[in-house]
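Enquirer: Turn these sequences into a full structure, and let the hints steer you where they fit.
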Amino acid sequence: MLTRVLARSAAPLRTAAASGRFLSTASHDDFKPKYHAAPSSDKDDVLKLIENHVNTYPVMLYMKGTPSSPQCGFSRQVVQILHAQGVSFDSVNVLDHEEIRDGVKEFS
94 MLTRVLARSA APLRTAAASG RFLSTASHDD FKPKYHAAPS SDKDDVLKLI
144 ENHVNTYPVM LYMKGTPSSP QCGFSRQVVQ ILHAQGVSFD SVNVLDHEEI
194 RDGVKEFS
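The opening position of the sequence shown corresponds to residue 94 in the numbering used here, with each subsequent residue numbered one higher.
Simulated from the structure, these hints should not be mistaken for laboratory data. Heads up, the beta-carbon is just placed ideally off N, CA and C, and yes, glycines get one too. Please note that a few of the clues may not be correct.
[Unchecked claim] Below, in silico cross-link-like pairs of lysine-lysine (DSSO-like), each with a Cα-Cα straight-line distance of 27 Å or less:
1. K141 to K157
2. K141 to K198
3. K157 to K198
4. K136 to K157
5. K198 to K136
[Claimed, not checked] Per label pair, the in silico range of CB-to-CB distance:
6. D138 to G179: 30 to 36 Å
7. F200 to V180: 20 to 26 Å
8. S201 to A177: 20 to 26 Å
Expert: Below you can see the structure in the form of structure tokens.
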């Protein structure tokens, strides 16, 4: 019974949503993209920076967070493995550098 009542009361919302009545071209600042794609010259600079990192450091970790404060499980595991093996490494927090995060994907 409750399911039918909810389905009937949701029908006008589905109809309105399908018609696009709730769509707006304006967006609150919280929902606007924070980063924009870098122009090609900036992308080239980012790729050169990544190449410099890779050539300078024997092990370079592009991670979410920092070694002392990883922000995802995968980053945490990689840091633990590198520390357990006594591997010296350098890292970049890709959460602070969106252009590097995107550049690493292209670089690899």
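Enquirer: Each hint: holds or not?
Expert: Comparing the hints with the structure gives:
1. K141 to K157: Satisfied, since the Cα-Cα distance of roughly 21 Å is no more than 27 Å.
2. K141 to K198: holds, 14 Å
3. K157 to K198: It holds: about 14 Å lies between the C-alpha atoms, which stays within 27 Å.
4. K136 to K157: Answer holds: K136 to K157 is near 20 Å, not above 27 Å.
5. K198 to K136: With a Cα-Cα distance of about 12 Å, the restraint between K198 and K136 holds, given a limit of 27 Å.
6. D138 to G179: 30 to 36 Å: Given about 34 Å between the Cβ atoms, the range holds.
7. F200 to V180: 20 to 26 Å: Since the Cβ atoms of F200 and V180 sit about 21 Å apart, the hinted range of 20 to 26 Å holds.
8. S201 to A177: 20 to 26 Å: Holds, at about 24 Å.
Of the hints listed earlier, there is not a single one the structure fails to meet.
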